[in-house]
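Protein chains in written order, with my numbering: chain A, 108 to 341; chain B, 108 to 341.
Hints are not guaranteed to be accurate.
Any copy, or any two copies together, can satisfy a pair, since identical chains are not distinguished.
Simulated crosslink set (DSSO-like; lysine-lysine; CA at most 30 Å straight-line) [said to hold, decoys possible]: (1) LYS203 - LYS254; (2) LYS323 - LYS162; (3) LYS202 - LYS162; (4) LYS165 - LYS203.
Since the hints were derived computationally from the structure, they do not count as laboratory data.
Number of protein chains: 2
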Amino acid sequence: MEANFKHVSFEEMSGIDEDYDKECKYQVSQLIELEGFSAAQALYYHNLETNPDVKEPKVLVIVGPGINGGDALVAARHLKFFGYDITIFYPKRPKKEMLENLTLQCENISIPFIESLPEEFGSDSYDFILDGIFGFTFKGEIRSPFKEIIDQIGASGIKIVSVDVPSSWQCDEGNVNSTYTPDILISLTAPKKCSEGFSGVHYIAGRFTPKFIVDKYGLSVPPYEGCNQFGKIN
Amino acid sequence: MEANFKHVSFEEMSGIDEDYDKECKYQVSQLIELEGFSAAQALYYHNLETNPDVKEPKVLVIVGPGINGGDALVAARHLKFFGYDITIFYPKRPKKEMLENLTLQCENISIPFIESLPEEFGSDSYDFILDGIFGFTFKGEIRSPFKEIIDQIGASGIKIVSVDVPSSWQCDEGNVNSTYTPDILISLTAPKKCSEGFSGVHYIAGRFTPKFIVDKYGLSVPPYEGCNQFGKIN
Chain A
108 MEANFKHVSF
118 EEMSGIDEDY
128 DKECKYQVSQ
138 LIELEGFSAA
148 QALYYHNLET
158 NPDVKEPKVL
168 VIVGPGINGG
178 DALVAARHLK
188 FFGYDITIFY
198 PKRPKKEMLE
208 NLTLQCENIS
218 IPFIESLPEE
228 FGSDSYDFIL
238 DGIFGFTFKG
248 EIRSPFKEII
258 DQIGASGIKI
268 VSVDVPSSWQ
278 CDEGNVNSTY
288 TPDILISLTA
298 PKKCSEGFSG
308 VHYIAGRFTP
318 KFIVDKYGLS
328 VPPYEGCNQF
338 GKIN
Chain B
108 MEANFKHVSF
118 EEMSGIDEDY
128 DKECKYQVSQ
138 LIELEGFSAA
148 QALYYHNLET
158 NPDVKEPKVL
168 VIVGPGINGG
178 DALVAARHLK
188 FFGYDITIFY
198 PKRPKKEMLE
208 NLTLQCENIS
218 IPFIESLPEE
228 FGSDSYDFIL
238 DGIFGFTFKG
248 EIRSPFKEII
258 DQIGASGIKI
268 VSVDVPSSWQ
278 CDEGNVNSTY
288 TPDILISLTA
298 PKKCSEGFSG
308 VHYIAGRFTP
318 KFIVDKYGLS
328 VPPYEGCNQF
338 GKIN
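Take the sequences, apply the hints, and build the full model.
Next up, the structure:
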């Protein structure tokens with residue numbers, strides 16, 4: 108399905124975000140809650156399908172400094188409520204009220220925060236890494252400490268689940284920094300141009316896009332099942 | 108399970124709401140989104156279990172002037188995205204930004220708003236009424252037009268699904284106004300004292316209560332299945 112799916116450019120996705128704000132009056136805290144929940148639900152079903160014996164997967168959630176990090180904090184909280192064994196690594200914490208609130212909500216439910224990646228960091232360390240470092244707006248060079256973190260997770264052998272875009276990829280140009288390719292990609296609202304050739308497992312999260320936005324940008328609608336908040340396209 | 112479940116008083120529920128705000132820093136737009144989604148999901152599964160042949164149930168969502176109405180607007184939007192045939196009746200619309208935004212989000216996805224209940228209003232009109240008129244803070248007399256609306260829905264023979272508490276019931280005292288008893292109750296966070304003797308179908312919606320709040324108020328935890336946001340207790 109990936110090949111026939113509409114992949115949006117940076118400009119189109121920026122336009123959609125503006126329409127969510129101006130035309131839909133979606134509040135950031137509302138939208139981020141829906142996005143993070145959708146991502147958590149996609150991972151939950153993915154694990155159920157691929158590792159049904161692992162009831163409490165160990166997931167390391169890596170949180171970047173922006174909105175993509177906020178999505179990851181929301182997903183971490185919901186996964187914890189689903190019974191997952193969650194750890195958060197959040198190396199750069201901006202002083203932004205919304206992100207501080209989302210952090211508190213994770214601390215409040217006893218999710219441990221680690222200060223660095225474990226010294227012995229390999230495929231046995233976690234069942235999944237949920238990568239919420241950078242989103243579709245990332246451009247330019249990867250600065251420290253994220254350069255080292257991205258290299259380490261890429262080399263770890265742990266299954267990587269990227270939220271929205273693989274961190275360090277550019278929305279239109281793709282993996283220009285020659286970093287890792289995730290096993291699983293959970294695109295928010297629509298797949299981005301960078302994932303056109305992606306051959307891993309691909310979910311679209313976000314069953315909240317009104318038809319007028321679907322029509323305006325010519326989006327493809329994922330095959331949503333039941334009341335699921337995600338659809339699988341690859 | 109109802110009989111063994113902790114039912115909270117008005118004072119306890121007010122304390123929980125204060126803790127959601129002060130201790131969890133849950134934003135109203137975030138919490139209402141979670142509550143409304145949970146209620147929509149509970150109704151979705153309820154219909155799947157009881158009316159599996161009705162794929163696109165007709166639901167009249169009645170929206171009151173406060174936060175309970177906000178929950179109902181969120182539930183209406185999600186149910187529409189699930190493919191339901193939704194109509195909204197929202198007779199008194201306060202000029203509050205959050206409620207106006209939630210209203211716009213329903214208008215944006217072509218949910219029709221009606222100005223009065225249909226003249227021929229009986230058990231064939233809708234599969235369900237989602238009652239989001241009043242929540243657990245309701246006290247005193249039922250004013251017009253809600254008095255007439257509540258009488259009409261009670262007499263309609265349509266299955267009524269109440270969000271949080273049956274509208275016009277008082278949290279601690281119950282059905283003091285001798286109005287209707289719903290078929291299905293979707294309590295938010297915890298069942299209220301008024302539902303202690305309730306014998307209908309009862310869901311608890313809201314898988315977002317941290318353990319410290321569960322412990323502080325001695326709450327019972329519903330049997331959440333999978334990644335469902337609701338648990339069935341009756």
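Hints versus structure:
In the homo-oligomer, the alpha carbons of LYS203 and LYS254 lie at most 30 Å apart inside one protomer (23 Å), although the nearest pairing across protomers, at 45 Å, exceeds that limit. Proximity of LYS323 and LYS162 under a CA criterion of 30 Å is satisfied inter-copy only: 28 Å between copies versus 41 Å inside one chain copy. Neither within a single protomer nor between protomers do LYS202 and LYS162 lie at most 30 Å apart by alpha-carbon distance, with minima of 35 Å and 47 Å respectively. For the identical chains of this complex, LYS165 and LYS203 are intra-copy neighbours only, at 28 Å inside a copy versus 43 Å across copies, given an alpha-carbon limit of 30 Å.
Hint 3 from the earlier list is the only one contradicted by this structure; the remaining hints agree with it.
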